[in-house]
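Residue numbers (the working numbering), protein chains in the order written: chain A, 262 to 640; chain B, 262 to 640; chain C, 262 to 640; chain D, 262 to 640.
There may be inaccurate statements among the hints.
Which copy? The list can't say, so a pair holds if one copy fits it or any two copies do.
[As the list claims (entries may be wrong)] Here are the simulated lysine-lysine pairs, DSS-like style, with alpha carbons at most 27 angstroms apart:
hint	residue 1	residue 2
1	314	601
2	331	498
3	411	554
4	498	411
5	411	314
6	331	354
7	603	498
8	501	354
9	435	601
10	601	475
11	501	411
12	331	554
13	337	498
14	498	354
For the record, the hints were derived by calculation from the structure and aren't laboratory data.
There are 4 protein chains.
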Amino acid sequence: MKGLVYNGPRDVRIAEVSDPRIEKETDVLVKITTTNICGSDLHMYEGRTSVEKGKVLGHENLGQVIAVGKAVERVKVGDWVCLPFNIACGFCKNCEQGMTQACLNANPGSAGAAYGYAEMGPYNGGQAELLRVPYADFNCLVLPPDAIEKQNDYVMLADIWPTGWHATELAGVKTGDSVVVYGAGPVGLLAAYSALIKGAGDVMVVDRHPDRLKLAEQIGAIPIDDTKEDPVETVMKLTKGEGADRGCECVGWQCHDHGGHEVPNDTMNKLVRSVRATGALGVVGVFMPEDPKAQDPLMKHGQIAFDFGAFFSKNLRMGSGQTPVKAYNRLLSRLIESGKAKPSFLVSHELSLEQAPDAYKHFDARENGWTKVVLKPAA
Amino acid sequence: MKGLVYNGPRDVRIAEVSDPRIEKETDVLVKITTTNICGSDLHMYEGRTSVEKGKVLGHENLGQVIAVGKAVERVKVGDWVCLPFNIACGFCKNCEQGMTQACLNANPGSAGAAYGYAEMGPYNGGQAELLRVPYADFNCLVLPPDAIEKQNDYVMLADIWPTGWHATELAGVKTGDSVVVYGAGPVGLLAAYSALIKGAGDVMVVDRHPDRLKLAEQIGAIPIDDTKEDPVETVMKLTKGEGADRGCECVGWQCHDHGGHEVPNDTMNKLVRSVRATGALGVVGVFMPEDPKAQDPLMKHGQIAFDFGAFFSKNLRMGSGQTPVKAYNRLLSRLIESGKAKPSFLVSHELSLEQAPDAYKHFDARENGWTKVVLKPAA
Amino acid sequence: MKGLVYNGPRDVRIAEVSDPRIEKETDVLVKITTTNICGSDLHMYEGRTSVEKGKVLGHENLGQVIAVGKAVERVKVGDWVCLPFNIACGFCKNCEQGMTQACLNANPGSAGAAYGYAEMGPYNGGQAELLRVPYADFNCLVLPPDAIEKQNDYVMLADIWPTGWHATELAGVKTGDSVVVYGAGPVGLLAAYSALIKGAGDVMVVDRHPDRLKLAEQIGAIPIDDTKEDPVETVMKLTKGEGADRGCECVGWQCHDHGGHEVPNDTMNKLVRSVRATGALGVVGVFMPEDPKAQDPLMKHGQIAFDFGAFFSKNLRMGSGQTPVKAYNRLLSRLIESGKAKPSFLVSHELSLEQAPDAYKHFDARENGWTKVVLKPAA
Amino acid sequence: MKGLVYNGPRDVRIAEVSDPRIEKETDVLVKITTTNICGSDLHMYEGRTSVEKGKVLGHENLGQVIAVGKAVERVKVGDWVCLPFNIACGFCKNCEQGMTQACLNANPGSAGAAYGYAEMGPYNGGQAELLRVPYADFNCLVLPPDAIEKQNDYVMLADIWPTGWHATELAGVKTGDSVVVYGAGPVGLLAAYSALIKGAGDVMVVDRHPDRLKLAEQIGAIPIDDTKEDPVETVMKLTKGEGADRGCECVGWQCHDHGGHEVPNDTMNKLVRSVRATGALGVVGVFMPEDPKAQDPLMKHGQIAFDFGAFFSKNLRMGSGQTPVKAYNRLLSRLIESGKAKPSFLVSHELSLEQAPDAYKHFDARENGWTKVVLKPAA
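Whenever a hint applies, use it, and build me the whole structure from the sequences.
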């Protein structure tokens, strides 16, 4: 089959790779009809990770089941399914507590596995014609009948909507809360969208890309352009000097200043200043445990210069890390099915698999208008 | 009356100060019979804060009510009371949500007030014969009849036991959890004690003072001497390579290495390494928003070099800050009353008010055996 | 001043009563500009309670402060305030845990107090020109500047919106949940409105009054007319045979069958059948601990024949009782202020105080179109 | 193999039954070394259920794995395992939320399945030499090395300790709370034991069997003999007139008065009176959705005359139903492993499988001293 493989920094290609097959009785095979390029794919694309050459990328996957292992009971050939990017066994200590992002079996020796991702196990990704799905009864979200027409909505359940939603859960967003979100990429926009669905009050989104800020405004958030105003001051003004009740970090360690230099602690310290005493932060932007290529000397060892004194004095709380997709994807799918949510508002480009290498280039450059790329391998 | 006043770095004295009086109808006056020296008093004693000269110190106070304002309804003259170190109004946005540590009225312009403390409002402390207690119906914990004999137990409800308890709440300690506590000072010991009362599994306490480690062992915790073994490795070994479920920071920014140098990020980064993926941290050791006298250049600005990449990769959560004493003091008092808890196990010295300046000296030097000093002003 | 007083079953009158005054230093006096007739006032009106003759009724009150006691610190003369119907001290064991509906001091010997209500303490109500508000710093919700124009919205914060909201909290309504609400009176409608604000999926409302069902539909809920269809069957059909995730009881013990006979267990047992296994119920419709005049023999002693076996087999949970208004009124006021909510959609009649006795008559008869009556005493 | 089969009311026999075998790739077979008779087995024994003749009973099972299906990955031949009485798939909507007591796949058409139990699916029980375990990777709790010697402790994790623990979870028992437990059978005793492990204050246990009350006292609870004192009055006296903070129902619908008549609402209504306003109840004693043989006319239809008015007026909350064993068995096993808990204190009789029919007779008669029977089929 054809798949998009990593071939080195800023070098991804469409290649012929061997077809995946049922390896365990609990596997299924899925023909991929919709798969996204994720912002975190760019970490690998840019050569900032240890991902091996030849790996098929792609962890936001949706398609139709074409084969099932003998022990698969719930999932049937012909089912339309969306696959959580976390691969989880369903029966380890962490999975049984709902923390599928830290499965202890899917990638032995580590907590957590994923499709097509650096250091997340031997699994190929879904930017390809076919995908092997392990522990399929546990991992597959079987979609309702409207899935065929709404693939661009449901595919957001593989990662970025549950990730944005998780940011608001970690931050404890409740009805009426004011919320500030740093980052208006796809995850940041869906964090804001999640907060609004939960009935939050003012939802403020900080970024500097006009196309993204415009989308923030369209969904009902307040856009803050940090090239034009100090975001902390603006948040303070909008919250009558209190600070926001809740804050979400949706940028990660590659945060840049206006001059293009990486300032890994920028968003975190601004969040600490933007959120009111007793508030809480949800951090879903990726921070690496080490990054030898980082410009910032602390970040080489996975550290940031964090305003911990202010964090403590304000009695803040913080949660971080990958989302446990299965904790949220079922409830979010209901919102799509009922027409109450339409996360495909993000999609800027719908392309063929062959166009993927070119799309990586544009998306990596954060070109204006390249918000979210959806690929259609089986089309 | 006599009170212990701050007169400059490492200089506290017993002085004649004007008697406190009922200033508002909601005040009461308390004759102080038992008051502690707290580890956080040493921050002021060492000249590391902006506390003003002439301030009476002391925020762990217990005594008998001798006068009540006209609007006081619940508290009566003659009642024995323990006073939460947080002074709180009871009716601001934060107080009404139980976050009395961040009261917006008791120290206008700031979130949170306390007796006898730097930057926590104009209130004198209780290392003195008398104390004015504002918002008395809200702030006083009226004690049961056994209070007179058990003053050394009940006084621990003013601060350190609720602080230790809060560490375990922030860390989400539940029955069966393994817990690591960094710091075996009074707060760390009471964090361990709290975890054990909650039915935690292995509770490991890291410190280097033999007297404190011995107390940890006496209450049923596992002492870890970090001068003899690497605490992270020991925790890993004791938890079968997983890491502890929960971690508590009970040291703060003045953490020292074995050579006596301050290493403000030491305990936090060791906690991140000691706690298992998906675990949580409770941070109650004090970190200052700025400390111009700090040895560490980042800490001058209230920052630490924090292992944020590891924190993120392990999906950790963290809560921090002062405890809301009122959230816990009532339930903890029941444990004392029923004989199920006896936090006075900490007390190493019971002294008169006059002996307080000398006690500060010994306690500040962390002399062996000086675990907790209780003063008896009214004796 | 003038006030509406209870004079016996189905007999309320406008009478001259003595002006309230500051009785304690913590009181304020409020000139009432907006006050509602509540469905629970009808329990007293119909003579089903022990309310004493001469009592001024009215527990949903809003107005402007005209006098403050000496110990009042936060509330100022001139402030616009909405008063929670629960009168609470703010410092008893229950209040300090946020359970102001069960204050132990405001009505000694009982848990809970209210304005103008049977067996809820000696307090007159606000269907009058003036109202005395005890523990004013704790009880007053000071309103934002838009309060004068939006009085019909903010007055709903005194009782019925927090009551409807509480139903959804007790039932654990979360985003995406399907919810069934029995009763489309003002509380039931606001329970449905609350569920929708929280992002619930299908919200189904059961009633038989066309005007109320129409309002349910207007706010986005699914109306179910139980004179035309079996509500349990309809809920099952709409939830694909599963049952609703959550259920709210907003009718109470005076539930009638189509023939007009009281069937006190009707809604509760239908809820048990309508909600899916592992679901939860929130019960805010009033059930009396005894009602000698009840038609149902069990209900005379406060009992109902409850389908407890089904409740148990389905692993259901249930919470009940009065709402703690202060737990919710601040957050709900933000939704009004920001324009995200407009609970005045309920208001069918805006009348003078003099018209109140006549309004009781129409409202008690559940006449078509009499959804919610707002009185304007100070106009 | 040999197994204990149901042959009609009060008639159980040891019979030759066909050996279980691996039916699905996800099954394992377990040689049963320890299996208990449960109080709920008596419901079937007495002919109060629809259980079919020939069914092997027994849902509290522990033993060693002797065969594994091809898709089983985690569980190995030779492992010592304890089996939750709930059979659960691990991947349905309820299981993925941790509600394994309401699995939608293990007993299609119903929510929840179990071994050897009426209306809980086609599964034979473990009062036999061998047991088939479905969905084995999800259902088996693999035991630590000390399991062989501590079988009588670990077997309590199959049902009754998680059931007792669940009662305290549903009732929201926290450190310092006062708790009343109705029923000192094995589940009631373990509910009290659980509350004590959680650090509860006074734990009061109501029963009338001297041997059971003595065990309650031995573990640190306060025994209340309802043949000698009114339990509600005693609870009130012990709680200074307030009522207990939390209440647990561990008796069920077959509750008897002193004359031996079934009074199904007796414990529930006494709980409502024994627990303080704003408290909560956990109900784990079984109530049947219908019982045509019940003496009480309401109970024939699964109803009880419930003091709902008092429940409402006191703002109570209540949770009910089967425990989700997997939510608790891992944490409880740690307490056994560390020596902090020893639930085998309950065991009064350790018998061979052949002695089981006789043991049913004694246990059903509630003979003094027959607290808990443990059978040893493989011995």
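Hint check:
For the identical chains of this complex, residue 314 and residue 601 are neighbours neither inside a copy (42 angstroms) nor across copies (51 angstroms), given an alpha-carbon limit of 27 angstroms. Proximity of residue 331 to residue 498 under the C-alpha cut-off of 27 angstroms is found in neither arrangement, the shortest distances being 61 angstroms within a copy and 34 angstroms between copies. Proximity of residue 411 and residue 554 under a CA criterion of 27 angstroms is satisfied in neither setting, with 40 angstroms inside one chain copy and 54 angstroms between copies. In this assembly of identical chains, residue 498 and residue 411 lie within 27 angstroms of each other by CA distance solely across copies; the values are 24 angstroms between and 40 angstroms within a copy.
In this homomeric assembly, residue 411 and residue 314 never come within 27 angstroms of each other (Cα to Cα): the closest approach is 34 angstroms inside a single copy and 51 angstroms across copies. Taking the shortest alpha-carbon separations for residue 331 and residue 354, both the intra-copy value of 25 angstroms and the inter-copy value of 22 angstroms come in at or below 27 angstroms. For a Cα distance limit of 27 angstroms, the shortest separation of residue 603 from residue 498 across copies, 25 angstroms, qualifies, whereas the shortest one inside one copy, 31 angstroms, does not. For the identical chains of this complex, residue 501 and residue 354 are inter-copy neighbours only, at 14 angstroms across copies versus 45 angstroms inside a copy, given an alpha-carbon limit of 27 angstroms.
Both within a single protomer and between protomers do residue 435 and residue 601 lie at most 27 angstroms apart by alpha-carbon distance, with minima of 18 angstroms and 14 angstroms respectively. Proximity of residue 601 to residue 475 under the C-alpha cut-off of 27 angstroms is found in both arrangements, the shortest distances being 21 angstroms within a copy and 21 angstroms between copies. Taking identical chains as interchangeable, the C-alpha atoms of residue 501 and residue 411 lie at most 27 angstroms apart only when they sit on different chains, with a minimum of 21 angstroms there against 41 angstroms within one chain. Taking identical chains as interchangeable, the C-alpha atoms of residue 331 and residue 554 are never at most 27 angstroms apart, the minima being 46 angstroms within one chain and 45 angstroms between chains.
For the homomeric pair residue 337 and residue 498, the shortest alpha-carbon distance between copies (25 angstroms) is at most 27 angstroms, but the shortest distance inside one copy (54 angstroms) is not. Within a single copy, residue 498 and residue 354 get their C-alpha atoms only as close as 45 angstroms, which misses the 27 angstroms cut-off; across copies the closest is 19 angstroms, which meets it.
Hint compliance for this structure: hints 1, 2, 3, 5 and 12 are broken, all remaining hints hold.
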